[in-house]
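Trainee: Residue strings, one per chain:
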Amino acid sequence: MDLNDTPELAEYRAQVRAWLEEHKREAPVARGDDEASVAARRAWQKRLAEGGLAAVTWPAEYGGSGLGPLQQVVVNQEIGRAGVPGIFDIIGVGMLGPTLIAHGSEEQKQRFLGPMLTADEVWCQLFSEPAAGSDVAGVQTRAKRQDDGSWRLSGQKVWTTNAQHAAFGLLLARTNADVPKHKGLTMFVVPMDAEGVSVRPLRQISGEAHFNEVFLDDVLLESGSEVGPVDGGWAVALTTLMFERVAIGLGGEGFGWRADRFANALLADDACTRDAETRHRFGSIATDFLALRFTGYRMLTSLQRGEIPGAEGALAKVTTIRAAIAAGDLICDVLGPEGLSDERFGELVSDMPGLKSAGGTEEILRNMVGERVLALPPEPRLDKGIPFSELRAREREAVA
Amino acid sequence: MNFALSDEQEFLKEAARGTLSRVDTVAAARAALDGAQLPDLWPAAMEAGWPGLLVSDDHGGAGLGALEAMLVFEELGRVLASVPLLGHLPATFLLDRGGPEDVAAALAAGEQRAAIVPAQPPSDVEAAWTIEPVAGLARPVAPCWDGAVVGTAQWVPDAPGADWLVVVLDDGRAALVAAAEASVVPATVYDVTRPLGHVAFDRAAGTLLETAPGDAATAWYIAQALIGAESVGAIAVALEVSVAYAKERHTFGRPIGSYQAVKHELVEILRGLDNARSLMYYAGWAAQDKPDEFALAASAFRHAAGKALDHAARAQISVHGGIGATWEHDAPLYFRRAQLARRLLGGTAGAADRVAGELLTRAREQEAIAAR
Chain A
1 MDLNDTPELA EYRAQVRAWL EEHKREAPVA RGDDEASVAA RRAWQKRLAE GGLAAVTWPA
61 EYGGSGLGPL QQVVVNQEIG RAGVPGIFDI IGVGMLGPTL IAHGSEEQKQ RFLGPMLTAD
121 EVWCQLFSEP AAGSDVAGVQ TRAKRQDDGS WRLSGQKVWT TNAQHAAFGL LLARTNADVP
181 KHKGLTMFVV PMDAEGVSVR PLRQISGEAH FNEVFLDDVL LESGSEVGPV DGGWAVALTT
241 LMFERVAIGL GGEGFGWRAD RFANALLADD ACTRDAETRH RFGSIATDFL ALRFTGYRML
301 TSLQRGEIPG AEGALAKVTT IRAAIAAGDL ICDVLGPEGL SDERFGELVS DMPGLKSAGG
361 TEEILRNMVG ERVLALPPEP RLDKGIPFSE LRAREREAVA
Chain B
1 MNFALSDEQE FLKEAARGTL SRVDTVAAAR AALDGAQLPD LWPAAMEAGW PGLLVSDDHG
61 GAGLGALEAM LVFEELGRVL ASVPLLGHLP ATFLLDRGGP EDVAAALAAG EQRAAIVPAQ
121 PPSDVEAAWT IEPVAGLARP VAPCWDGAVV GTAQWVPDAP GADWLVVVLD DGRAALVAAA
181 EASVVPATVY DVTRPLGHVA FDRAAGTLLE TAPGDAATAW YIAQALIGAE SVGAIAVALE
241 VSVAYAKERH TFGRPIGSYQ AVKHELVEIL RGLDNARSLM YYAGWAAQDK PDEFALAASA
301 FRHAAGKALD HAARAQISVH GGIGATWEHD APLYFRRAQL ARRLLGGTAG AADRVAGELL
361 TRAREQEAIA AR
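Chains A and B, in that order, are what the protein sequence lines are. For what it's worth, our numbering labels the leading residue of the first sequence as 1, then goes sequentially. For what it's worth, our numbering labels the leading residue of the second sequence as 1, then goes sequentially.
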């Protein structure tokens with residue numbers, strides 16, 4: 001058991017640190033969602049990409065550094081240490097780019113990966129729908145093939161981060177409703193400026209709009225917009241979701257959800273640091289955050305050995321959300337009513353109920369872990385082997 | 001970077017499991033509740049080299065670290081094996097660092113047994129070295145040195161039958177006392193696999209150990225880590241047994257493990273186990289590479305493992321339905337283990353308080369540096 005850098009990794013860390021030291025004054029201070037801040041953050045991603053720090057694990061032929069998860073962690077740590085923002089398009093570079101690399105055509109990779117990496121083109125993920133969340137294979141957005149091989153797309157997507165900034169979206173649509181639902185899906189690249197695409201911000205509890213709704217009204221997609229085989233979109237989606245789980249499982253500290261940060265907040269009130277109940281609550285929360293940090297090291301060790309991350313990563317997400325909810329509650333209990341309007345902790349309180357469902361609800365994650373890790377039997381399902389087009393009628397029958 | 005067990009560490013665990021498989025320790029634990037004698041596992045422990053795990057090579061020990069000791073405890077915890085190492089190992093850690101070499105060597109070989117009379121180190125809110133109260137919440141101050149050891153200590157693990165007592169004193173030093181010089185009254189309760197004693201020192205003759213500052217605190221946190229490791233083993237078994245039952249027991253025409261209410265409860269055991277295991281590795285790594293963080297790591301581990309065992313022991317009974325609460329089933333034995341463990345050596349809750357104290361102290365130090 002050794003958390004020290006090997007000589008090679010130490011040398012890599014020194015290079016990364018030197019680059020950041022030299023360039024950190026170019027980094028933007030603002031981290032907001034307004035246009036000027038976003039432009040500055042995109043420009044900074046471009047600088048990071050030029051320095052080889054944006055897509056550490058992508059293959060070199062697509063502009064990445066061709067390195068492993070450990071080097072990615074070194075970059076994350078050094079970016080944190082330098083006090084500068086990381087890349088802007090985490091969803092594109094972290095999840096959608098790797099999906100294109102795994103399933104896209106060579107032409108798609110050549111066309112899209114370069115500008116994605118430099119944030120000249122931002123991407124968004126168009127999977128979830130109002131009626132397809134946990135059961136994302138139930139998407140209803142339809143893509144119909146035309147005689148010339150082009151597609152017509154209609155439907156509605158939701159919970160779309162960065163849709164308002166995006167040049168492209170990776171979209172899961174139904175291409176065949178006459179087969180069971182997982183078998184009639186296809187993944188597409190959708191230009192967000194195409195006619196018929198409209199984006200509406202979705203405000204949440206805090207009043208901020210971190211997500212959007214995206215409406216698709218008879219959008220024309222040219223032939224060759226498919227990623228992976230027609231009707232083979234579910235496998236492509238699973239790749240994206242696997243990268244998402246790794247990102248979330250390893251990502252809590254990136255949001256600043258760390259035991260030491262919450263300790264600092266408690267110091268503001270001397271009495272609370274001696275209060276037995278506050279100490280017990282904080283000790284429990286801190287224990288969870290420490291567990292997450294070292295679970296992350298265990299996951300990294302597996303990744304480094306070439307093992308595919310298992311469903312256990314989903315448990316890290318459950319722990320992250322629970323600990324962050326408890327931390328927001330604790331700090332605001334100490335700060336009193338005023339805490340709820342605090343930029344950091346008030347917003348944490350407001351954001352967490354929604355985040356509990358993001359990237360898989362706690363319930364669906366527990367099902368997944370129970371079935372895949374503990375090998376417990378699944379619940380009986382009403383949709384197995386039933387053509388998608390007949391599902392609604394079956395659901396109505398079951399209720400009646 | 002590598003945050004997994006080495007081949008040697010995996011082998012140590014396997015060997016421990018092999019050693020312990022020779023006796024049905026769980027059945028023995030049940031019989032002991034009805035008055036039977038527990039099997040003497042000390043000869044097997046000697047053969048495996050466990051008594052000398054934390055003693056350096058120079059003194060005839062294995063010279064291994066806290067992580068290896070935890071791995072053995074994980075295996076002991078799986079089968080509720082009663083081997084008096086919770087008192088012995090922290091005691092040998094102190095003796096190895098500042099005690100007579102011949103005693104350290106006899107303890108490393110297992111020819112004699114020691115028990116630490118532990119004291120909880122001071123914190124940001126408690127200036128004294130404190131010990132377990134007889135009852136209630138107020139923690140008394142540890143025994144003192146006045147040319148001899150004076151004081152009492154309650155609920156001391158493995159004190160009955162020990163040849164030597166290593167007493168942590170109210171000033172953070174430690175003294176070696178022959179057990180014959182002290183009064184040891186057996187106080188084993190509820191979990192008969194865990195011998196306990198009340199100890200009194202009426203000017204008991206002894207020698208001060210030449211330990212370094214910080215050693216007595218490390219001994220306390222080693223004991224915390226060992227209780228945690230034992231809990232990890234017990235949680236793993238509770239999970240395995242419960243999952244197996246949930247697959248075979250049917251209600252309303254399907255296995256109970258297919259119902260989300262049951263499935264999610266079992267996943268919650270796994271979540272607790274997984275978090276505790278990560279912190280166990282953290283504690284093992286800190287003991288070796290980051291001694292400044294060992295207090296934090298061992299306390300976080302003890303807290304996580306204790307809380308998770310508490311939940312797992314109850315969940316195991318619930319998943320089994322009524323049968324899980326019967327004398328014939330193993331679940332109540334794990335429940336007894338969980339119930340006593342959470343109240344020993346400062347308790348599971350005390351460990352959470354210690355995590356808070358360690359982190360608040362660090363934050364204050366950072367604040368002071370920033371203010372300068």
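Note that these hints are calculated values from the structure, not bench results. Positions of the beta carbon are idealized from the N, C-alpha and C atoms, including for glycine. Just so you know, not all the hints are guaranteed correct.
Listed below are several chain A residues computed to face chain B (Cβ distance under 10 Å; list not exhaustive) [said to hold, decoys possible]:
id, residue
1, 11
2, 109
3, 111
4, 114
5, 197
6, 198
7, 263
8, 267
9, 286
10, 301
11, 305
12, 308
Listed next, the in silico EDC-like pairs over lysine to aspartate or glutamate satisfying Cα-Cα at most 20 Å (straight line) [to be verified]:
id, chain 1, residue 1, chain 2, residue 2
13, B, 290, B, 171
14, B, 247, A, 33
15, B, 13, B, 24
16, B, 290, A, 222
17, B, 247, A, 371
18, B, 290, A, 371
19, A, 109, A, 8
20, A, 356, B, 268
21, B, 290, A, 2
In silico negatives: residues of chain A with every beta carbon more than 12 Å from chain B [what the hints assert, rightly or not]:
id, residue
22, 106
23, 225
24, 315
Trainee: Of the hints given before, which are not true for this structure?
Mentor: 1, 2, 3, 4, 5, 6, 12, 13, 14, 16, 18, 19 and 24
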